[in-house]
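Asks: Sequence order for the protein chains is Z and F. Just so we're aligned, residue 148 is where the first sequence starts under this note's numbering, counting upward by one. Just so we're aligned, residue 148 is where the second sequence starts under this note's numbering, counting upward by one.
Please note: incorrect hints may appear among the correct ones.
Just so you know, same-sequence chains aren't split out, so a pair can sit in one copy or run between any two.
What the hints assert, rightly or not - Heads up, simulated SDA-like pairs for lysine to any residue below, C-alpha to C-alpha not over 25 Å straight-line:
1) K300 - D173
2) K205 - P170
3) K270 - M148
4) K278 - W211
5) K300 - G259
Hints were generated in silico from the structure; no laboratory data involved.
Here's the letter readout for the chains.
Protein chains: 2
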Amino acid sequence: MMQTFDAIRARRAVRLYQDRPIPQEDLERILEAGRRAPSSVNQQRWDFVVVTGRDRLKQLSRVWRGGRHVAGSAATVALVTPLVDDPDARESIGFDLGQAAMSMMIAAADLGIGSAHSAVRDKDLCRRLLKYPQDRTCDYLIALGYPDDRPIKPLRNHKRRSFDDVVHKGSW
Amino acid sequence: MMQTFDAIRARRAVRLYQDRPIPQEDLERILEAGRRAPSSVNQQRWDFVVVTGRDRLKQLSRVWRGGRHVAGSAATVALVTPLVDDPDARESIGFDLGQAAMSMMIAAADLGIGSAHSAVRDKDLCRRLLKYPQDRTCDYLIALGYPDDRPIKPLRNHKRRSFDDVVHKGSW
Numbered sequence: 148m149m150q151t152f153d154a155i156r157a158r159r160a161v162r163l164y165q166d167r168p169i170p171q172e173d174l175e176r177i178l179e180a181g182r183r184a185p186s187s188v189n190q191q192r193w194d195f196v197v198v199t200g201r202d203r204l205k206q207l208s209r210v211w212r213g214g215r216h217v218a219g220s221a222a223t224v225a226l227v228t229p230l231v232d233d234p235d236a237r238e239s240i241g242f243d244l245g246q247a248a249m250s251m252m253i254a255a256a257d258l259g260i261g262s263a264h265s266a267v268r269d270k271d272l273c274r275r276l277l278k279y280p281q282d283r284t285c286d287y288l289i290a291l292g293y294p295d296d297r298p299i300k301p302l303r304n305h306k307r308r309s310f311d312d313v314v315h316k317g318s319w
Numbered sequence: 148m149m150q151t152f153d154a155i156r157a158r159r160a161v162r163l164y165q166d167r168p169i170p171q172e173d174l175e176r177i178l179e180a181g182r183r184a185p186s187s188v189n190q191q192r193w194d195f196v197v198v199t200g201r202d203r204l205k206q207l208s209r210v211w212r213g214g215r216h217v218a219g220s221a222a223t224v225a226l227v228t229p230l231v232d233d234p235d236a237r238e239s240i241g242f243d244l245g246q247a248a249m250s251m252m253i254a255a256a257d258l259g260i261g262s263a264h265s266a267v268r269d270k271d272l273c274r275r276l277l278k279y280p281q282d283r284t285c286d287y288l289i290a291l292g293y294p295d296d297r298p299i300k301p302l303r304n305h306k307r308r309s310f311d312d313v314v315h316k317g318s319w
């Protein structure tokens, strides 16, 4: 396990995984990190559907062409939310969900576990596989697994805009 | 500093702050945690405007009646994003922004610093104060400061839906 800031700097998108399961206790810790995330008026407009098992993961990976890594993951968490039309509500649910996702990914990095998002384009397939009600939707998956390339360690290079470009002191 | 999972469990909404500044190095670490957050196609559709100084914070606290705690914060980070209409893009920006916010709040908790969101209702006032361009908007502030009630420690009770209610194994 790592110091917090090391885990934050170590998190990176990992899409190639070892064929090695995540211990139940560690998977539950990751989910617990998501469950504790803050949300607007503490509404917790989310459910987490955890998929394991190679066949199920392969099926789930077909919800988007950019989600092939889900097939090789040790576990993938589907972020299920209320299906709403109002753009303000959608933005707010998105923000809350991003907080839950980030909490899970940092908790995963702390355990040496990599993570990567996938969008969900084939909503019908996703619903058929995961069996959530008609008044819910799923726009994001978080794939998890031990990296097959290199261990999870704090990154020096991370392809981001420079600090001085992003951060404005006092005003723009 | 804390182990990662302790910082995740210690983060809570803190709205009463000591009148004590955050050292520059620690504030920069919190912003760095946000800068490193992942985003859709690494677009980083965000700028962080950091406000300090009691008078400026008092002015900024007037952007929403639920943002009074900003006035007493040691620093507040305004999350500025492109102003877009498309609901899918708004949800996606919201998700990315939530990831950046969570990363900052966990990094803050690790340093014993509390945090709390505010929405922004008076968009004109926020723009006048922070001087960002017309093609940007700000929907969220993150206030930061040392808690005036009790230290930042892992929480046992956190008013969340139960683990078994939130987490579904395999399918709904």
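Asks: Within a copy, between copies, both or neither: which one fits K270 and M148 at a CA-CA cutoff of 25 Å?
Replies: neither (36 Å within a copy, 42 Å between copies)
Asks: How would you label the pair K205, P170 (within, between, both, or neither) given a Cα cut-off of 25 Å?
Replies: So K205 and P170 pass the 25 Å test inside one copy only (20 Å; across, 48 Å).
Asks: Between the shortest in-copy and the shortest cross-copy C-alpha distance, which are at most 25 Å for K278 and W211: within, between, both, or neither?
Replies: within (18 Å within a copy, 40 Å between copies)
Asks: Please sort K300 with G259 into within, between, both or neither, judging by C-alpha distance up to 25 Å.
Replies: Classified as both; 8 Å inside a copy, 24 Å across copies.
Asks: First find the shortest C-alpha distance between K300 and D173 inside one copy, then the shortest across copies, and answer within, between, both or neither for a cut-off of 25 Å.
Replies: both (18 Å within a copy, 21 Å between copies)
Hint 3 alone, counting from the list given before, is not met by this structure.
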